[in-house]
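Participant: Each chain is listed here by its residues.
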Amino acid sequence: MATTAERQSPPGQPDGSASYRGGRERPAGGLELWSWLFMRISGIVLLFLAVGHVLIMHVFGGGVSRVDFKFVELRWQSPFWRTWDWMLLSLALIHGVNGLRSVTMDYVTKPGWRFAVNMVFYVITFVLFFLGTVIVFTFNPANFPQT
Amino acid sequence: MGSYAGRETVAKKKSDFGTLYKGHEGQWTWIAHRVTGVAIILFLFAHVVDTAVIGWGPEAYNRVLSVYQNWGVRLLELGLVAAVLFHAINGVRIMIIDFWPSATRYNRQLLYGTVGLFVASMIPITWIMGKDILELAGVLH
Numbered sequence: 001m002a003t004t005a006e007r008q009s010p011p012g013q014p015d016g017s018a019s020y021r022g023g024r025e026r027p028a029g030g031l032e033l034w035s036w037l038f039m040r041i042s043g044i045v046l047l048f049l050a051v052g053h054v055l056i057m058h059v060f061g062g063g064v065s066r067v068d069f070k071f072v073e074l075r076w077q078s079p080f081w082r083t084w085d086w087m088l089l090s091l092a093l094i095h096g097v098n099g100l101r102s103v104t105m106d107y108v109t110k111p112g113w114r115f116a117v118n119m120v121f122y123v124i125t126f127v128l129f130f131l132g133t134v135i136v137f138t139f140n141p142a143n144f145p146q147t
Numbered sequence: 001m002g003s004y005a006g007r008e009t010v011a012k013k014k015s016d017f018g019t020l021y022k023g024h025e026g027q028w029t030w031i032a033h034r035v036t037g038v039a040i041i042l043f044l045f046a047h048v049v050d051t052a053v054i055g056w057g058p059e060a061y062n063r064v065l066s067v068y069q070n071w072g073v074r075l076l077e078l079g080l081v082a083a084v085l086f087h088a089i090n091g092v093r094i095m096i097i098d099f100w101p102s103a104t105r106y107n108r109q110l111l112y113g114t115v116g117l118f119v120a121s122m123i124p125i126t127w128i129m130g131k132d133i134l135e136l137a138g139v140l141h
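Residue numbers (this note's numbering), protein chains in the order written: chain A, 1 to 147; chain W, 1 to 141.
Isolated chain W, as found in the complex:
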């Protein structure tokens, strides 16, 4: 069968032997999807609480938001934006494969497209958020 022959070539890939975590690209995106997902929901748990503080008035809310006047926190915020973007773009790839199984033929292209789109969108975002981070760290004035 043709599909069987296809699998043969996949199984013969060099990465199947002796690597840390039998890494096809798809397995790394699988891990990344899981890690970013867990990171986002844990942040969300905290974020609902800090936003809810607005119900206790401006003094309380503004004090909570002053947490963000710290370059370390801003760096984590950049990480959060990256996590959301990756999870979103990779989620679209997952849905394409799930709902149009014939797209599996273009798996490699879809995978590199996902990573490419993610990196391309993170460049301007890092530029924009990075300026604030460096200002808070005292590097930029």
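Bound-form chain A, shown alone:
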């Protein structure tokens, strides 16, 4: 288990060797190893979910110009897209907040501040996960009949 004062991802070893590595050193074990593994496994899934989402919604087929209520209503008629969006929501949030944790480990050195900053990110993540999950699974266009 890494001590709280330890840098997690040094930009380079004194001899310059680690400067060729992109990622964080593989932790020896425990929760940190699981977190390290999670980043890589969720990264592979997000490679398809996030890049696919960005290309479909923001680049091709007219991009964001053609997105409106009607568009999402049609899109979410399919459980496939609801599942896609919910998985993207969950994995991107957890992958992102875990990345932010790495960043605070590197730059926020006072233990109290580090705890506080991480807590803020965890609470934001939890609230947004809850909000997003409720909307993805309960959205029903019949609630808005005038459209």
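Take the hints with a grain of salt, since some may be wrong.
[Claimed, not checked] Now the in silico label distances, taken between C-beta atoms and shown as ranges:
1. A:Ile56 <-> W:Ser102: 28 to 38 Å
2. W:Pro124 <-> A:Val120: 32 to 42 Å
3. A:Gly29 <-> W:Val119: 10 to 20 Å
[As the list claims (entries may be wrong)] Beyond 10 Å from chain W on every Cβ pair, some chain A residues (computed):
4. Phe80
5. Gly132
6. Thr138
No wet-lab data here; the hints were simulated from the structure. Don't be surprised by glycine CBs; every beta carbon is placed ideally from N, CA and C.
Once you have looked at the hints, place chain W on chain A.
Facilitator: Quick look at chain W alone, frame taken from chain A:
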């Protein structure tokens, strides 16, 4: 030892002396990975909220989306797409090095491959999204 000799040549590189941030290419991609990652998660925080507005009906949701009818916002959107793509491609490079340590031998090739793939994919994307941006800015009609 052979590996030691390899490190010697690395340490003698010109970039080790007097540059702003002892920049081997790997350190720049490390910074870029971190900056794009933080940018994406901060955007995501906002994006979950704006998408959730759909639960409050078409009027509210369409009003939120009208934010995108602005060339400055579209420029940021292009930046977001670039950030996601770079983070994704560089992430693959990181995993290759992590899971196949022998690939370290081809580090330079992997690094330039990452940058090359990123730039190559951004050319058509900038073309596609750029047309909308210029139209909104009133440059193109």
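Participant: Next, verify each hint and record whether it holds.
Facilitator: Going down the list of hints, with the structure as the test:
{"no.": "1", "hint": "A:Ile56 <-> W:Ser102: 28 to 38 Å", "verdict": "holds (36 Å)"}
{"no.": "2", "hint": "W:Pro124 <-> A:Val120: 32 to 42 Å", "verdict": "holds (39 Å)"}
{"no.": "3", "hint": "A:Gly29 <-> W:Val119: 10 to 20 Å", "verdict": "violated (39 Å)"}
{"no.": "4", "hint": "Phe80", "verdict": "holds (17 Å)"}
{"no.": "5", "hint": "Gly132", "verdict": "violated (5 Å)"}
{"no.": "6", "hint": "Thr138", "verdict": "violated (7 Å)"}
The structure is inconsistent with the numbered hints 3, 5, 6, although it conforms to all the rest.
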